[in-house]
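> Here is what each chain is made of, one letter per residue.
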Amino acid sequence: MKYESQKVAYWYILSALALFGIQVLGGLLAGWVYVSPNFLSELLPFNVIRMIHTNALIVWLLLGFFGAAYFLIPEESEREIWSPKLAYIQLIILLVGTLGAVGSYLVGIHGGREFLEQPLWVKFGILVAALIFLLNVSMTVLSGKRTAITNVLLMGLWLLSLLWVFAFINPDNLSLDKMYWWFVVHLWVEATWELVMAAILAFLLLKLTGVDREVVEKWLYVIVATALFSGILGTGHHFYWIGLPGYWQWVGSIFSTFEVIPFFLMMSFAFVMVWKGRKNHANKAALLWSLGSSTVAFFGAGVWGFLHTLHGVNFYSHGTQITAAHGHLAFYGAYVALNLAVFTYAMPMLRQRAPYNQVLNMASFWLMTGGMAFMTFVLTFAGTIQTHMQRVIGDYYMSVQDSLSVFYLMRFGAGAAVVIGALLFIYSTVVVRKSEVIAPGPANPAPGE
Amino acid sequence: MAEILTKSRARNIFYGGSIFFVVIFVGMTVHSHRYVVETSTAGMELSDEVVHGKHVWEENSCINCHSLHGEGAYFAPEVGNVMTRWGVQDDPEGAFEILKAWIESQPSGIEGRRQMPAYDMTDEDLRGLAEFLRWADQTDTQGWPPNDAG
Ligand code: HEM
Ligand code: HEM
Ligand SMILES: [Fe+2]
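Chains G and B supply the protein sequences, listed in that same order.
Under full-length UniProt numbering, the first residue of the first sequence carries the number 1, and numbering increases by one thereafter.
Under full-length UniProt numbering, the first residue of the second sequence carries the number 1, and numbering increases by one thereafter.
Please keep in mind that the hints were generated in silico from the structure rather than gathered at the bench.
Nothing here was measured: the structure is a model prediction, and the numbers come from that model.
Be aware that one or more of the hints could be misleading.
[Claimed, not checked] Restricting the straight-line Cα-Cα distance to at most 27 Å, the calculated cross-link-like pairs of lysine-lysine (BS3-like) are:
#1 Lys434/G with Lys145/G
#2 Lys100/B with Lys207/G
#3 Lys207/G with Lys434/G
#4 Lys7/B with Lys145/G
#5 Lys276/G with Lys7/B
#6 Lys284/G with Lys207/G
#7 Lys279/G with Lys145/G
#8 Lys434/G with Lys218/G
#9 Lys7/B with Lys218/G
#10 Lys7/B with Lys279/G
#11 Lys85/G with Lys145/G
#12 Lys145/G with Lys218/G
[Stated by the list, open to error] Pair ranges (Cβ atoms, derived):
#13 Val165/G with Glu59/B: 31 to 41 Å
#14 Val37/B with Glu4/G: 28 to 38 Å
#15 Ala354/G with Ile4/B: 40 to 50 Å
#16 Ile89/G with Val23/B: 34 to 44 Å
Glycine included, every Cβ here is placed at the ideal spot set by N, Cα and C.
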């Protein structure tokens with residue numbers, strides 16, 4: 001850690017990890033309700049559990065992005081953060097908002113647009129926190145050295161905050177409501193967050209592999225160009241069946257197919273940089289997460305996204321378990337794993353010690369990744385059967401669900417593996433151990449302590 | 001990457017191209033907005049009842065179990081075409097009656113069956129909800145869903 005103010009990232013990461021725990025436990029609970037539907041049904045209905053699961057996810061990913069920005073911007077800009085105090089105020093606002101939202105969900109106060117259920121005051125809190133953040137990082141970057149990484153990162157963060165405005169726009173006309181809702185949901189994960197992801201990935205690879213900055217930054221611009229050129233009009237893949245013009249079927253199918261490219265490029269980028277790299281960085285776990293993130297993102301977003309994006313396929317698969325399968329692997333690969341990569345890289349420095357607990361950390365990577373992959377497979381099988389029985393044959397929804405119970409049982413098992421992996425990750429990053437569980441060999445420069 | 005693609009060229013392509021696509025997207029959004037108002041949802045009035053029904057739908061977060069036009073959760077049936085499935089799409093009174101009976105019979109309490117929570121709704125809420133769902137059902141959704149099962 002070169003700059004004192006990078007320390008603020010530490011608190012962002014700790015808060016993010018706590019919410020990560022809540023998110024996966026919420027998911028496990030939701031998965032259990034699928035297996036045993038009467039469980040808690042009167043006390044804590046499925047919709048409330050699901051809101052906690054998805055909202056905790058989004059908030060912790062954002063906290064992670066903010067923390068990553070506070071960690072990497074000082075190093076890139078070569079100066080302290082403009083105001084560490086504002087950064088802490090921002091964090092407090094976000095935490096109060098999050099706890100307030102969870103509290104209101106538990107007593108039955110919530111909005112009704114999926115993912116945007118937060119009470120109005122929480123939405124405003126998020127807006128204020130975002131503005132504080134933008135002011136803080138922009139002032140830091142503008143008065144320091146400017147690099148392609150901070151350019152792209154800032155652009156992504158500015159645009160995603162601007163899009164938050166659509167969280168306040170809820171027309172009475174349902175079709176318009178849905179159209180503008182996607183401006184937040186799709187243009188976040190398939191445009192602006194991709195900018196953030198690519199910038200953070202570029203930073204990590206720069207540090208971990210020691211490849212020339214010129215090379216890294218050229219890749220970065222090409223990746224984000226393909227992301228926005230495809231992702232903006234790719235929004236059309238959500239406009240097929242909600243009351244919008246028919247031309248979206250072609251625009252959406254064609255452009256969202258191109259959305260695979262940036263994910264393929266990010267994966268190639270990661271592997272090529274490691275291949276060309278001159279450095280043998282001691283933090284092997286951070287490298288594993290970086291490579292893993294870009295690879296799983298390619299499969300979850302790229303392959304599983306393309307699976308149901310053509311309108312002829314989507315006509316049948318729309319809103320089935322196939323969507324849930326894709327949503328899980330895409331979010332996990334692109335944004336969960338990327339955040340865990342930054343945490344793994346930054347935490348040792350923030351705690352001023354050599355990389356530690358790497359073996360446990362890497363074990364948690366395989367547990368979580370294996371669990372998420374398995375969950376994706378079983379949900380894809382369930383979704384395929386559902387699509388055929390319900391959408392092609394025309395059997396009623398509830399009776400089709402009855403024939404899918406074995407897949408939901410396996411999903412629960414996969415979820416349990418993910419939860420164990422997540423807890424192991426939290427343990428290995430937060431709880432200090434004196435030595436590695438397995439001592440490194442002589443060829444491995446990782447400090448064994 | 002080839003030498004002709006320098007970093008600054010890549011950056012300029014990124015900025016220029018993004019602006020180009022944003023402009024096209026904004027144009028198509030304006031057109032789509034007008035299409036919704038004038039064509040796809042023009043068949044039925046956005047009455048006070050429909051608007052109230054939409055608020056009831058939102059306050060109870062029905063979307064986190066059900067899907068509506070295929071979006072939402074996958075835990076409970078699609079409701080974008082439920083009025084057609086129940087055969088009351090063209091019968092406001094029947095729609096209200098059947099929805100009222102449905103809501104009041106929940107939770108079913110059947111062991112091993114997914115449960116819908118109990119809701120304490122006024123007749124006004126229920127009428128609004130029924131009108132909202134009928135409104136949604138008559139939207140021109142390009143022929144989706146493939147059949148009445150939703
Ligand atoms: C990291 C990037 C991505 C994430 C996090 C993500 C996540 C999601 C989520 C959560 C949904 C469900 C939304 C809902 O609740 O209705 C969804 C839907 C969808 N995604 Fe993605 N996605 C990503 C990238 C992609 C890509 C690259 C494609 C296409 C190649 C794609 C194609 C689709 C389609 C077609 C749907 C609609 C499914 C339906 O009709 O039910 N996604 N995505
Ligand atoms: C312990 C592991 C997990 C389990 C058992 C689990 C289970 C579930 C369940 C049951 C739902 C509701 C699906 C429905 O509406 O019927 C859900 C939704 C969702 N979960 Fe998870 N989840 C887990 C982990 C995760 C992780 C790690 C992520 C992020 C990578 C995630 C992201 C999401 C998203 C985005 C949705 C909304 C999906 C959509 O609308 O398409 N979950 N999850
Ligand atoms: Fe999308």
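> Return holds or violated for the Cβ distance of Ala354/G and Ile4/B against the range 40 to 50 Å.
With Cβ atoms ~43 Å apart, the hint holds.
> Would you mind confirming whether the straight-line C-alpha gap from Lys434/G to Lys145/G stays at or under 27 Å?
Violated - the C-alpha atoms of Lys145/G and Lys434/G are around 38 Å apart, more than 27 Å.
> Within a Cα-Cα threshold of 27 Å, do Lys207/G and Lys434/G meet the stated pairing?
Roughly 26 Å separates the two Cα atoms, so the pair holds.
> Hint check: Lys7/B vs Lys279/G, CA-CA at most 27 Å. Holds or violated?
holds, 23 Å
> Could you grab the alpha-carbon distance between Lys145/G and Lys218/G and see if it respects the 27 Å cut-off?
holds, 18 Å
> Would you check the hint for Lys276/G and Lys7/B, treating anything up to 27 Å between C-alpha atoms as holding?
Within the cut-off at roughly 19 Å; holds.
> Does the structure keep Lys284/G and Lys207/G at a Cα separation of 27 Å or less?
holds, 12 Å
> Checking one constraint from the list: CA of Lys100/B to CA of Lys207/G, max 27 Å. Satisfied?
violated, 62 Å
> Taking 27 Å as the top limit, are the C-alpha atoms of Lys434/G and Lys218/G close enough?
Between Lys434/G and Lys218/G the Cα gap is close to 41 Å, so the pair fails against 27 Å, i.e. violated.
> A range of 34 to 44 Å was offered for this pair. Does it hold for the Cβ distance of Ile89/G and Val23/B?
The hinted range 34 to 44 Å holds for Ile89/G and Val23/B, with Cβ atoms some 37 Å apart.
> Is the hinted range of 28 to 38 Å satisfied by the C-beta distance from Val37/B to Glu4/G?
Distance hint for Val37/B, Glu4/G is violated at roughly 55 Å.
> Run the distance test for Lys7/B versus Lys218/G: straight-line Cα separation, threshold 27 Å.
Measuring from Cα to Cα gives roughly 5 Å; hence the hint holds.
Hint compliance for this structure: hints 1, 2, 8, 13 and 14 are broken, all remaining hints hold.
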